[in-house]
Each structure stands twice: as C-alpha cells, then as structure tokens.
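**Q** Order-wise, the sequence lines are chains A and B.
Here the first sequence is numbered in numbering that gives the first Met the number 0, starting from 0 and rising by one per residue.
Here the second sequence is numbered in numbering that gives the first Met the number 0, starting from 0 and rising by one per residue.
Misleading hints may appear alongside valid ones.
Selected chain B positions facing chain A (in silico; Cβ < 10 Å) [claimed, not checked]:
(1) Ala34
(2) Ala37
(3) Arg39
(4) Ile41
(5) Leu179
(6) Glu181
(7) Ser183
(8) Arg188
(9) Gly189
(10) Pro190
(11) Ala196
If you want the ones that stay clear, here's a sample from chain A, every Cβ over 12 Å from chain B, calculated [what the hints assert, rightly or not]:
(12) Arg46
(13) Arg102
(14) Glu113
(15) Ala121
(16) Ser185
(17) Phe236
(18) Trp304
(19) Met337
(20) Pro352
FYI, nobody ran anything at the bench for these hints, they're computed from the structure.
Idealized CB from N, CA, C, for every residue including glycine.
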Amino acid sequence: MPGLTFDGVSHRYGSVLAVDGVSFTADPGETICLLGPSGCGKSTLLRLAAGLEGIQAGSIAIGGRTVAAAGAHPQAPPEARGVGLVFQDYALFPHLTVVENIRYGLSGGRGEGEARARRILADLGMTDLAGRYPHALSGGQQQRVALLRALAPKPRVMLLDEPFSTLDEHLRHEVRMETMSLLAGSGAVTVLVTHDAEEAMLLADRIVVMKEGRIVQDASPDEVYAHPADLFTARLFGPVNRYEGTVRGGSVPTPLGPVAAPRALESKRVNVAVRADGIELRELSSARAGGVRVRVRSVRRLGVWTLVLVTPRNATREAAGAAQNGEPASIQARLPGMAPIARGDELALHARPEHTFVFPVREG
Amino acid sequence: MTALAAAVRRAARPFLDGWTVAAAAVAALVAVPLATIAYRAIDPADDTWSHLAATVLPVYVSNTLWLLLGVGAGTIVVGASTAWLVTMYRFPGRRVLSWALLLPLAVPSYVLAFVVTDQLEYAGPVQAALREAFGWTSARDYWFPEIRSLGGAAIVLSLVLYPYVYLLARAAFIEQCFCLFEASRTLGRGPARSFFAVALPMARPGVAVGAALALMETLNEFGTVDFFAVPTFTAGIFDVWLNMDSPAGASQLALALVVFTLALLAIERRARRRGRVYATTTRVRKLPEYPLSRAAGAAALAWCALPVLLGFALPAGVLAAYAIEFHEAALAREYFAFAGNSLRLAVAAAAVTTALGLVLAYGVRLSRRPGMRGMAEAATVGYAVPGAVLAVGLLYPLGAFDNAVDALCRALFGVSTGLLLSGTVAGLVLGYSARFLSLSYRTLDAGLERVTPSMDGAARTLGSGPGAALRRVHFPLVRPSLLVAALLVFVDTMKELPLTLLMRPFDYETLATFVYQLASDELLEECALGALTIVAAGILPVAVISRTITRSRPGHRSGPRPG
Chain A
0 MPGLTFDGVS HRYGSVLAVD GVSFTADPGE TICLLGPSGC GKSTLLRLAA
50 GLEGIQAGSI AIGGRTVAAA GAHPQAPPEA RGVGLVFQDY ALFPHLTVVE
100 NIRYGLSGGR GEGEARARRI LADLGMTDLA GRYPHALSGG QQQRVALLRA
150 LAPKPRVMLL DEPFSTLDEH LRHEVRMETM SLLAGSGAVT VLVTHDAEEA
200 MLLADRIVVM KEGRIVQDAS PDEVYAHPAD LFTARLFGPV NRYEGTVRGG
250 SVPTPLGPVA APRALESKRV NVAVRADGIE LRELSSARAG GVRVRVRSVR
300 RLGVWTLVLV TPRNATREAA GAAQNGEPAS IQARLPGMAP IARGDELALH
350 ARPEHTFVFP VREG
Chain B
0 MTALAAAVRR AARPFLDGWT VAAAAVAALV AVPLATIAYR AIDPADDTWS
50 HLAATVLPVY VSNTLWLLLG VGAGTIVVGA STAWLVTMYR FPGRRVLSWA
100 LLLPLAVPSY VLAFVVTDQL EYAGPVQAAL REAFGWTSAR DYWFPEIRSL
150 GGAAIVLSLV LYPYVYLLAR AAFIEQCFCL FEASRTLGRG PARSFFAVAL
200 PMARPGVAVG AALALMETLN EFGTVDFFAV PTFTAGIFDV WLNMDSPAGA
250 SQLALALVVF TLALLAIERR ARRRGRVYAT TTRVRKLPEY PLSRAAGAAA
300 LAWCALPVLL GFALPAGVLA AYAIEFHEAA LAREYFAFAG NSLRLAVAAA
350 AVTTALGLVL AYGVRLSRRP GMRGMAEAAT VGYAVPGAVL AVGLLYPLGA
400 FDNAVDALCR ALFGVSTGLL LSGTVAGLVL GYSARFLSLS YRTLDAGLER
450 VTPSMDGAAR TLGSGPGAAL RRVHFPLVRP SLLVAALLVF VDTMKELPLT
500 LLMRPFDYET LATFVYQLAS DELLEECALG ALTIVAAGIL PVAVISRTIT
550 RSRPGHRSGP RPG
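With the hints as constraints, model all of the structure from the sequences given.
**A** Given below as structure tokens:
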C-alpha cells in the first residue's frame with residue numbers, strides 16, 4: 000500500500016502558481032528528498048500534505064486513503080491525518096518544557112503520556128533536558144526535540160521542512176545522521192525538503208527535483224547525479240561550465256574541444272554542461288597529454304578541493320569569447336585535494352565524458 | 000583600553016548631569032505625592048485608621064476585590080475571545096470590527112454608567128416597553144435586575160475597559176508565530192484545543208498586561224462606583240476626605256489603595272518580561288484567516304459586535320439623540336465655557352507632560368547610569384496610582400510650597416503671592432502630568448528606540464554638534480511619537496474625573512466634572528452634548544492606535560509566501 004501519493008496537485012498563492020501538476024508516490028519506509036531552490040514549491044507540497052493549506056487542484060492520499068481532493072470531499076484536517084511535520088524553525092512551544100512538548104501529540108492520560116515522553120528522551124540520553132524550556136536549548140537540541148515531538152505520535156508520514164538549514168556546518172552532519180537513523184527506525188514515509196543537493200544525495204532513497212512548481216526529475220540519487228534531466232538539475236550538484244552550440248555531425252564544438260551529442264539532437268541548438276569536478280588537468284609532458292592546452296589564471300586551495308580557473312592557450316579570440324550570456328570566458332575546474340598547480344602553469348585539459356552533458360535548448 | 004574609555008566617559012559625565020538632575024526632578028513629581036501619603040498616613044496624632052478599620056474598611060476591601068474580580072473576568076473573556084476571532088477567522092464585518100472593537104475605549108466609564116442607567120431604570124425606555132408589552136403596572140409586578148449595583152458596575156466597567164485586553168491580546172496573537180498553532184494541529188489537536196493549549200498560553204503575557212491596565216483603571220474609577228453607590232477604596236477616599244473631613248484618614252485609605260496598585264503593577268511588569276521571553280518567533284507568515292461556515296460566521300459577528308454595540312453605539316447614539324433634542328438647554332448651561340476650560344487644560348497638560356516625558360526619556364538614554372532606568376520606571380508609576388490618591392498626596396506639598404513662597408515674598412517685598420499651585424489651574428496641570436507621565440514617557444521612549452546609537456555617531460562624525468544632531472536627526476524621527484504622546488495625554492485629561500474633582504479651583508468646571516454633576520442629578524439630557532464631546536475626542540487616539548497595530552506587523556500587506 001502506498002504511503003503518500005500526490006496526484007496532479009496544483010496550488011496558487013494569489014496569481015503565483017507555486018505548485019503545478021505534481022504527481023508522485025512515496026512508499027512506507029522510503030525517504031524522499033524534494034530538492035530545489037527556494038520558491039520552487041517544495042514547502043508548499045509539505046503544507047498541502049499536512050493539511051495546512053487547502054487543496055485547490057488534484058488529490059492527496061495517505062496510506063491509500065484520500066485526505067484531500069479538489070472539489071468533492073471536505074478534506075481531512077491536519078489533526079486527523081497522522082502526519083508529523085518538523086518545521087524549518089522547529090516551532091517548539093516556548094511555554095512548554097521539553098518533555099511537555101514531546102508529550103503534546105500523545106494521546107492517553109497525562110501520566111501515561113508523560114512516561115512515554117520521558118522514555119523517548121531517555122532512549123536518546125536526553126533525560127537531563129526534560130525540564131528545560133526551548134529557549135534554553137542549543138540549536139541542535141531544539142532540532143532533536145522537534146523531531147522527537149513529531150515522531151512521538153508514530154505518524155505514518157514524516158514531513159521535514161529544511162530541518163538542518165539553521166544548524167552550524169559542523170553540527171549538521173552529526174544531527175543529520177542521527178535524524179536518519181531515528182526516521183529509519185520509525186518505518187514512516189519520510190519526505191524531506193532541502194535546497195542542498197549534497198544533503199539530498201546523503202539522505203534520500205529517491206530525489207524529486209523541483210523547479211518552478213514542477214517536477215523536473217524523479218529518480219534515485221545515483222541516477223539524478225549521473226544523468227541529470229536538464230541543465231538546472233546538473234547545476235544543483237555544483238558548478239558547471241556551460242557552452243551553447245549547434246550539433247554538427249554528432250558533436251558540438253566547445254572551448255574544451257568537441258563534445259559528442261546524441262543523434263536525436265543533430266543540427267539542434269544545445270547546451271553543453273561540463274562539471275567543474277569533471278575536468279582533469281594533466282602535465283603537458285605526460286604521455287597521455289593531448290586535450291586542450293590551457294594556462295592557469297588563478298588557484299584557490301580550499302583543502303578538500305582546489306578551485307582552478309584556466310583559459311585555452313591557443314584559442315582564437317572567437318573561441319575564447321565563445322562564452323555566451325555572461326558566462327566567464329575562463330574554464331572552471333574543481334580538483335580534489337590540494338592540487339600542486341600554480342598560476343601561469345600550462346597544462347592539458349580533459350573533460351571526462353561522464354561529467355559532460357548535452358541538453359537541447361528549450362524554446363521560449 | 001577600557002580603563003581609558005571609562006575615564007573619558009567619566010570626564011564627559013558632568014555635561015550629562017543636567018539630564019540626570021532634570022530627570023530626577025521629573026521623577027520627584029510622582030515620588031513626592033506618594034511619600035506625602037505615606038508620611039501622613041503614619042501620623043500618630045490621628046486615630047482615624049482604627050475607626051475606619053472598624054467600620055467602612057471591610058466594605059471597601061470586599062467591594063474593591065469583587066469589582067476587580069468581575070472586571071478582570073469580564074475584560075479577559077470579551078477581550079481575548081474577540082481578539083482571537085478577529086485575528087484568525089474570516090467572517091462578515093471582520094475588517095470593520097477589528098478597529099471598531101477599540102471604540103468603547105473612547106467612552107468614559109461614568110458616561111456609559113449614566114446612559115445605561117438612563118435606559119434601564121424604572122422610568123427608562125426598556126422597562127417602560129416591558130410594562131407595555133406585558134401589561135404590568137408597577138415595579139411590584141415584575142423583577143428587573145438592579146443596574147446600580149456592584150454587578151452593574153462590573154459590567155459597565157468591563158464594557159469600556161475590555162479594549163485594553165483586546166488590544167494586547169490581538170498584538171500577541173498576531174506576533175506569535177502562526178507555525179506554533181499549525182504544529183499543534185499536525186500533532187493531532189483540533190482548532191479549539193489548539194487555541195487553549197498553545198495560542199492562549201502564548202498570549203498570556205499580553206492578556207495579563209491588558210487586564211492589569213484595565214484593573215488599574217478600575218481602581219482609579221470614581222464616577223461609576225459613586226453613581227452606582229458601590230463604596231470602593233476610591234469612593235471611600237472621597238467620602239473620608241470630603242464628608243468626614245479627615246485628610247489623614249484619606250491618606251491612610253490612599254496608602255492602602257497604593258498597595259493594591261503596586262500589586263497590579265508588579266503583575267503587569269512581570270507579564271511584560273515573560274512576554275519578552277516568549278517572543279522567540281523567527282518567521283512571520285501571513286495569517287490564514289480561516290473561513291467560517293455561514294452559521295459560525297454569524298455567531299462570530301454577533302459575539303464581536305455585541306461589546307461594540309453596548310460599549311459604544313448605545314452611549315453614542317443615546318447621547319447624540321439627547322444632544323440634538325436638548326441642545327438649547329445644553330448651550331444655556333455654558334457648554335462653551337466648560338468646553339473651553341477642558342480644552343485649555345488638556346492642551347496645557349499635553350504640552351507639559353510631553354515635555355516632561357521627553358526630558359525623562361532623554362535623561363535615561365543619555366546618562367547611562369544604572370539608576371536612571373529605575374528612576375524612570377518609578378516616575379511612571381503615576382499612571383497606576385489612582386487620581387484620587389495623587390490628588391491627596393499633591394495637595395499638601397503644593398500648599399506648603401505656596402505658604403513658603405508667600406512668606407518669603409512677604410518678608411522680602413511685603414507682597415502676598417496668595418495661592419500659586421494649590422487649588423489653581425497650574426496645580427491641576429501638575430496633577431495631570433504626574434498621572435499621565437508614563438503615557439508620554441513610554442511613547443517617547445519607544446520612539447527614541449528608532450534612533451540608534453550609530454545614528455548619533457553618524458550625525459556627529461558628519462559634523463553635527465549635540466544640539467544639531469538633536470534637531471536634524473532625533474527630532475524628525477521622534478516627531479510622530481511626540482504627537483501621539485501629546486494626543487494620548489490630551490484625551491485622557493479630557494476624560495479624567497477624580498483628580499479633577501479634588502484638585503480643581505473652586506467653582507471651576509470642566510466638561511467631565513459638569514457631565515458628572517448633572518448626570519448624577521439625573522439631568523443626562525442636558526449634559527449629553529458635553530458627554531458626546533468627550534467621547535468624540537476619545538475617538539482620536541483609537542484611530543491612532545488602530546493604525547499603529549495594523550502597521551506593526553511586518554509585511555502585513557504582502558506577507559512572505561512559503562517557499
């Protein structure tokens with residue numbers, strides 16, 4: 000039985016179409032990440048699923064039961080949906096202690112609820128926080144309490160709205176892992192909204208990429224990374240070098256050399272995207288040299304990566320300037336580790352085919 | 000480095016000390032009457048207290064407590080429920096009601112008391128209509144609740160004071176992150192349970208502040224309780240002073256009343272602090288304005304319209320009808336002379352009080368002495384102290400001042416100066432200033448918040464001296480607050496009754512005292528024009544307040560959309 004189903008859901012705020020014909024299904028135990036920039040409608044989907052926004056078009060079902068459908072039925076109110084929602088700013092009740100917050104959604108008597116809430120806290124070694132008020136908690140503790148509060152009533156569907164976005168970088172990783180293990184234990188459908196592609200890769204069983212209210216791609220993390228559906232999706236996973244051109248004889252000319260294109264795109268305008276991570280720079284003297292000769296313009300070493308900007312050495316003015324629409328003429332490369340490269344070096348550039356994508360240019 | 004900075008600051012202090020002295024002088028305006036009361040109350044020569052304690056005191060205490068309880072419950076139920084409905088739900092008339100619910104604030108309680116009595120007494124239209132309808136001939140044929148009673152006073156006062164709770168509860172509901180209510184819904188509680196479990200507790204500080212303000216007004220209240228013959232503390236002060244001719248006894252009662260007041264004040268300040276702790280919200284979302292079904296919408300409309308009808312439309316309508324019908328009698332009663340007195344007094348009080356409030360607000364900001372904030376808080380206690388208490392406390396120092404000046408002048412110049420402050424308009428204005436100082440101080444203090452220290456710094460580094468910075472930066476920024484402060488004091492002075500009754504010059508009438516006296520003699524028709532004038536003036540601050548709250552919500556026109 001499916002856990003959560005969106006079927007043809009659209010939603011407007013005034014004249015703005017925030018969600019446009021979205022359909023997807025999430026199965027119990029599955030974790031889905033809604034990935035997209037802010038304003039793409041992903042938070043609205045969560046609010047619709049929770050019943051915090053009235054349905055306008057399409058229908059939503061939880062556990063096979065329709066909870067909201069445009070027109071016909073009165074929709075189920077949020078309290079009757081069996082949905083847990085972790086808000087971006089946690090929305091802890093400031094007038095209740097930690098244990099009272101967690102107890103809030105539990106049915107049954109006061110004592111019983113209190114005991115269960117305390118057990119939940121004890122399981123995570125957080126007993127000492129029980130009597131504290133939310134304003135006396137750190138950001139990470141607040142996030143944990145919000146998660147435990149939403150999980151306590153054992154919802155069938157867990158919705159998380161950018162749950163890690165307000166945490167410090169170093170805390171985020173730890174809290175993410177802990178959150179996922181808690182969610183995995185709950186057996187609920189998990190839908191997590193994020194604008195961070197790396198986070199989505201880390202957490203999701205499936206990634207649903209959204210843009211301007213529409214689903215762009217719905218696939219496994221590996222698939223989304225290896226075969227992005229369009230330029231927008233490719234760009235979510237880090238910087239790309241983009242070139243526009245026309246396919247002639249099965250390939251597109253770019254400053255990185257000709258790039259092979261599928262037959263179906265022959266003589267069409269296309270965008271070529273090459274990930275900065277997909278660019279290799281080799282010594283000119285190395286046996287495998289070849290590729291495009293480039294000169295290093297700048298080097299920025301960030302520890303994990305080295306960001307390098309290069310320009311083609313022997314390119315004609317036109318080829319170097321073939322960068323269109325404000326794209327910098329230089330080529331961006333992201334090399335692993337502390338690459339031993341210096342400004343002014345001359346190197347041979349290779350674009351890895353698995354990081355090179357060709358997308359048709361959409362008209363209009 | 001810090002030592003150097005401290006030294007520089009210390010060196011700069013003498014210049015700022017003028018502010019400290021001025022602020023201290025302003026604070027004395029409130030401190031002196033309170034100290035006087037305390038001093039006179041413990042005067043061992045007077046044994047009125049034991050007499051009072053044995054006779055009337057228990058009555059005063061129980062009446063005052065019951066009245067506080069009734070008004071507290073009434074204002075909270077009406078104020079909080081209407082605020083919630085108007086904030087959260089969409090129903091016919093909601094937009095109009097959201098500001099109309101403030102209108103009863105414009106009606107002085109004694110005016111409503113007179114009107115309600117006029118309508119409900121035996122000879123009034125309601126009972127006449129009942130007799131007509133049921134064929135009753137005399138009062139013995141039926142039972143009708145006595146409006147001139149403790150319960151009646153509680154109802155009347157609740158009807159004009161609930162806007163304090165409404166105002167602050169509404170602000171609290173608007174400010175609280177709506178996501179908390181939503182979180183409660185997703186955790187399985189319906190709208191009604193979520194209201195009681197989350198929204199109301201979150202708004203509790205606001206509701207408490209509003210109720211405390213309403214109760215302070217209740218303690219100050221004289222006209223209604225006097226007319227309804229409900230002997231409370233304030234009524235007792237009048238009685239002991241004017242009828243029993245015992246100023247010391249009045250001081251003792253006043254001191255006891257101050258204890259009540261300080262308790263309320265403590266509740267209010269504590270609630271404000273709590274409110275700050277609760278204000279942890281980070282995101283403001285457009286409020287949902289849930290639509291209501293037709294029946295529920297009609298019920299909400301009826302519930303929210305009722306207090307407006309009873310608290311404003313009824314008195315305004317009755318007074319307007321009388322004012323038109325009896326305008327000749329009203330004008331013959333020197334309406335213009337009294338209106339002129341009221342106007343002059345109110346303008347003078349507004350000017351003086353705003354100026355004093357400005358001195359205090361600047362004093363606190365400029366001299367960063369730790370004691371200053373506390374002094375300012377003490378100085379603004381006046382608003383909580385009932386007018387009758389302030390009057391009792393001010394008369395002695397003013398009289399002593401007059402005598403001293405008179406003696407000095409006679410000794411030096413052989414001229415008698417007579418009464419300068421006691422029993423004069425100047426003394427009355429001073430009394431208003433002591434009472435309404437916190438209105439102007441708080442308004443101006445909030446206004447000055449907008450002038451950040453870095454703006455000062457910017458002005459100074461761009462070449463303005465302290466005076467030029469004041470004129471070119473501070474004044475334009477503070478000007479709206481100055482106007483609001485002056486307006487609030489102006490209107491409250493127009494309405495003020497107990498202080499005016501006790502401190503006015505002999506034979507000097509304002510609209511308020513005139514209305515009170517005529518209406519007490521059941522001549523409401525002839526003073527209706529005067530009462531209506533006070534109500535009309537009272538609408539001004541209501542308009543200002545309702546404009547500020549609609550503006551207070553960030554992005555209230557185009558709330559941020561959820562991503």
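**Q** Which numbered hints turn out to be false for this structure?
**A** Violated hints (numbers, rising): 1, 2, 3, 4, 12 and 13; every other hint is consistent with the structure.
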